[in-house]
Structures are given as structure tokens and as C-alpha cells.
Amino acid sequence: MTIKTNQRVEFCDITAAVNEFLQKEQAGDGSVLLFVPHTTAALTVNEGADPAVRGDLAAFLEKLVPHTGDYKHAEGNSDAHIKASLLGSNLYLPVKNGKLVLGFWQAVYFVEFDGPRTRRLQLQLLT
Amino acid sequence: MTIKTNQRVEFCDITAAVNEFLQKEQAGDGSVLLFVPHTTAALTVNEGADPAVRGDLAAFLEKLVPHTGDYKHAEGNSDAHIKASLLGSNLYLPVKNGKLVLGFWQAVYFVEFDGPRTRRLQLQLLT
Amino acid sequence: MTIKTNQRVEFCDITAAVNEFLQKEQAGDGSVLLFVPHTTAALTVNEGADPAVRGDLAAFLEKLVPHTGDYKHAEGNSDAHIKASLLGSNLYLPVKNGKLVLGFWQAVYFVEFDGPRTRRLQLQLLT
Chain U
299 MTIKTNQRVE FCDITAAVNE FLQKEQAGDG SVLLFVPHTT AALTVNEGAD
349 PAVRGDLAAF LEKLVPHTGD YKHAEGNSDA HIKASLLGSN LYLPVKNGKL
399 VLGFWQAVYF VEFDGPRTRR LQLQLLT
Chain Z
299 MTIKTNQRVE FCDITAAVNE FLQKEQAGDG SVLLFVPHTT AALTVNEGAD
349 PAVRGDLAAF LEKLVPHTGD YKHAEGNSDA HIKASLLGSN LYLPVKNGKL
399 VLGFWQAVYF VEFDGPRTRR LQLQLLT
Chain C
299 MTIKTNQRVE FCDITAAVNE FLQKEQAGDG SVLLFVPHTT AALTVNEGAD
349 PAVRGDLAAF LEKLVPHTGD YKHAEGNSDA HIKASLLGSN LYLPVKNGKL
399 VLGFWQAVYF VEFDGPRTRR LQLQLLT
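Each protein sequence line maps, in turn, to chains U, Z and C. So for the first sequence, the numbering used here puts the first residue at 299; every next one is plus one. So for the second sequence, the numbering used here puts the first residue at 299; every next one is plus one. So for the third sequence, the numbering used here puts the first residue at 299; every next one is plus one.
Hints are computed from structural coordinates only; laboratory data are not their basis. A couple of the hints might just be wrong.
Since the list can't tell identical chains apart, any single copy or any two copies may satisfy a pair.
EDC-like, lysine to aspartate or glutamate: derived pairs with alpha carbons at most 20 Å apart [what the hints assert, rightly or not]: (1) 394 <-> 327; (2) 394 <-> 323; (3) 394 <-> 318; (4) 370 <-> 323; (5) 397 <-> 311.
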């Protein structure tokens, strides 16, 4: 799956896109592995209803790990590497009837920390 | 599985309950997916022996992400959403002879960040 | 798998060792679960090329969770328990042709937070 991000930091709701993939693969029941093959992006599950939740999370992470700081890595994106390790690059989610089994308020986010870029997401089905 | 929490922030040791589930399902060898279908609770594996360890972790998280702060989300639980994303909502654990294969000091915790509530935990067996 | 660490905090690149395990097991296509049966060590995926990236991550974590502080746990390693829960103790990674499917810049790290010690890592194949 390809994801085009438009800002340096961006929470992309990929719930619908993952469900589309599951339907195309006729997933049935089982689980799905989501894996980010990049080192400055991550995955997280959080509230999908109020955009302020992801805004607060982004603001918290930016304050905790500022873009510029006393970093040794010369590319100027050390903060993005650190944020990626804090959230993590893989998720394993339950699937039923070819759809993600999420809680009522949950959405799956691909989190860009060093965009804008064109990113890939690996999905692997386990039935 | 249902978990009843009694405080706003609470580390519930669910190791025995997960093992009970595995025995009821006659799990054998394989692995089990644990997934929290909520956005203000999480899962973590850490020491089960000394309660001070989870106390220190809770105190650290409370200091890092205070309950009240400059948040935009109007429900007053933005800190709980942030803490949930930091620890993560899913775990994938190895199973042998119908029991979790954990290290000697390890326990599995359901972590409540916005209780007290009645919570659900999804378990999915993979043999 | 056994890992010998030499410092208190150490990022051990285990990518080659995991691939060796996969080849020995004739893994083919599927996925692999990595699980740390300890409470003061963790796993993360991040850049393998520039050592400054893991240096910056280690320095960030040390500043965020100092070795000494107002902790209740009497063994003097509460910081290591906290860091372990922040990064997480399990990873689930895709496998193809008996090799980890990683992004170009990615490496898999076993992260020691309370060494030096001899550590174990559990690997479980799912094909």
C-alpha cells in the first residue's frame, strides 16, 4: 500500500484503506500484520472521531522530541527517528468477516514524522 | 474478556486470566494476540514481583503527560489518549502447552488510563 | 537466541542473527514473532546505517528517564523498566524467502537498558 503525506508531521487515517485491502484479499477471519518499512514513520491506534486527539498527540510528541536539538545524526531528522521508535513500526490487528475488529472510537493511523514523502506500508494477512 | 477497573490509572495484572482463557481454549502451542478496543487504555509487559515497578512507571507517565494541560480535546482525557499510544494497544505473545511463555519476572498488564470503567480485551489464538 | 551485552545501555543490531535463525529453520514465507523474556530490555526497529541515530535515541531516553531519580523500586533500575515499556518487548515482522522483509535503512535492535548481562530472545516462526 502506498501513502502520500503532505506535511512534515501527519496522522493519516488508514482504517478504510486497510479494510479495502482486506476485502480485496477476501480476508475472512484471522488477523493482519501492518509493518512500516521506514525509520521515520510509525503506526498507532487511537481515537478517530475528534481530530483534536491526534492534534494533542502530535503536539505532545513535538514538545517531547523537538525537531531541532542537540542531536548527532547529521540529517536533521533525529527527532523523527526517535518518535518512530516511541510509537513503533508494527501493528497486529484482529480481522473478522474481512474487516478490522476495532473498538467504536478507534482508527488506525499511519504517522508521518519526516514528510512530505511517498511511503509504503506492508500488509500481511493471516487467516 | 472483561476487566473492571477501580481507579483513573491502574495496572491490572491479567497474566492469570489470559492463561485461564488459553486453557479453556485448549491452546496448545502457538501464540496469542491481545488487543484493547479502547483508546484510553493500553497493554504492557513488565515486572510482576515488586509493585513499586508499576508504581514508578505510572508516576513517570503522569509526570510526562499530566492529566490537565494545554490540550485541545474537550473531554479532559487527552493525557490518557497520549499515554495509550505510548504503550500501545496490542501485544503478541508466545504460547506453549496452553500457557503464556513469559520470563521469570514478567507479568502482562492491562493499563487503565481513564477509569474507573468496565473494559473489554480481545484475545485471538493462533496455533 | 542468546545475546551478550557489554554496557548498561546498548543497542545490539540482531538483524543478521535473526536472518540466520530463519535460514536454519528454512522459514520460507510468513512472519516471525520476536519476544524479550526480560523486564529491563526491549526491541525496536530503526536506522542501521548511521550509528548516530541509535546514539541520539539512547541519549534522548537517558534524559527522559534518568538512571537515578525519585523512584520507589529499590533495585536502582526503575529507569530500565520504564524505558523497556516505552519501546516494548515484542515485534512481529514479515518474512519472505527465509529473510526478514525490512526497509532499506532498517535494522532490528535488541535494546539493553540494565546491562551488562547475558540475555535471551525468543523467536517463533509462523508460516
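We went through each hint and held it up to the structure:
no.	hint	in the structure
1	394 <-> 327	within (4 Å within a copy, 23 Å between copies)
2	394 <-> 323	both (13 Å within a copy, 18 Å between copies)
3	394 <-> 318	within (13 Å within a copy, 23 Å between copies)
4	370 <-> 323	neither (44 Å within a copy, 39 Å between copies)
5	397 <-> 311	within (15 Å within a copy, 30 Å between copies)
Figure legend: structure checked against the earlier numbered hints; the only hint not met is number 4.
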